[in-house]
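Read top to bottom, the protein sequences are chains F and G. Per the working numbering, the very first residue in the first sequence carries number 80; after that it's consecutive. Per the working numbering, the very first residue in the second sequence carries number 522; after that it's consecutive.
Be a bit skeptical, because a hint or two may be false.
For the chain G half of the interface with chain F, some residues (derived, Cβ under 10 Å), not all of them [as the list claims (entries may be wrong)]:
1. E575
2. A599
3. Q612
Some but not every residue of chain G turned toward chain F, in silico, with C-beta under 8 Å [unchecked claim]:
4. R591
5. F592
6. R651
Just so you know, these hints were derived from the structure itself, not from any lab. Small disclaimer: the values here were computed from a predicted structure and weren't measured. All residues carry an ideal CB built from backbone N, CA and C; glycine is no exception.
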Amino acid sequence: MDGHDLDTSLEARLAAMEARAPGRDDPPRLDQRSRRGRFAVSFAMAPVLVLALVASAAAGTVVISRLTAEGHSGIENPGQPLEGAAMECMTGPEAQAFLAAHGYTDVVWQVESGSVLSADGGKGSSTTVQQASPPDHGYVIPGSVQDSGQLLMVVDQRVGATGVGACFGQPMP
Amino acid sequence: MTTTRSLRTLGTVRPLDATGSRGDPEAFEAAVRPHYVNLVRRLVLVLGNQHDAEDVAQDAYLKAFQAWDRFDGTDVRAWLYTIGLRLAFNQLRGRKRWQSALGRIESRPWSDPSDPDLWAAIRGLDARTRSALLLNVIDGYTHAEIAAMLEVPEGTVASWLSRGRAALRRELTRDEG
Chain F
80 MDGHDLDTSL EARLAAMEAR APGRDDPPRL DQRSRRGRFA VSFAMAPVLV LALVASAAAG
140 TVVISRLTAE GHSGIENPGQ PLEGAAMECM TGPEAQAFLA AHGYTDVVWQ VESGSVLSAD
200 GGKGSSTTVQ QASPPDHGYV IPGSVQDSGQ LLMVVDQRVG ATGVGACFGQ PMP
Chain G
522 MTTTRSLRTL GTVRPLDATG SRGDPEAFEA AVRPHYVNLV RRLVLVLGNQ HDAEDVAQDA
582 YLKAFQAWDR FDGTDVRAWL YTIGLRLAFN QLRGRKRWQS ALGRIESRPW SDPSDPDLWA
642 AIRGLDARTR SALLLNVIDG YTHAEIAAML EVPEGTVASW LSRGRAALRR ELTRDEG
């Protein structure tokens, strides 16, 4: 296949492939604000969050010997205590109050700030800060209970962030 | 490249009226709805699965409606695709970021059993290169038009297209010996 053959066949093959791709011709109602629940479920199925540090000490010096990512079931996952809570649609303070009402008082809030994109359209940069209380501004990302018993929640404040789950694409709180 | 110049004239819509409005929701739907099914299909190729494509297409449609009065009225398909593709790129970034932080996120990939070699080659391209290639090869948009849609320099688009075509050529001729 030379370059010309590729160009001529590629257009037809790509167009045919796109025509075979599944499509829907029923756009959402224009007064619709909330998204389908399925998307929330797909995010809630997975959310798990953890960093497990395994450290060893030798000759009085503590050395972090291994950093392992492990899966903890997200608190909104099916079968988990807050299944379907949709905290991703709450503000940080609302989520904090909701968690407190359900007995979750040992919570660390990991705040991501910065931007999704750089000025030239490339990958942006962000800063991560963990704190004891949630910020007023940002998308809440439901997390999971750590080995320590502490609940880790994420708040995404980055410019260009989209939110997750049931509130993907909604205005940032 | 013979496709699309005639198709693109289908995308024109009514101009703003004296009140600065382009019309009611019915006018929006009449202009944008015909492009919705193809937006979903395009997003399936870009995102790699139907469910994410449908979600992003829904968002794009609603955002387009919110921005309807700011639309310049020239090419409604390009405008809708621009919104949809930018949302798709955001979603892919979010997916990658939170997959690494939160673990596996379920998604069922789409595949094309009718042309598996081409689909495998396309999937091997990053999403932006893939999008640019589709906009150029299927829709016939120029480098400058794609650059404006994807908010990147024209040279970047040229580079993506060059590398994308080279990658497809390499993959699609591999089995021919």
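TODO: If any of the earlier hints don't hold here, list their numbers in rising order.
DONE: Hints 2, 4, 5, 6 not satisfied by this model.
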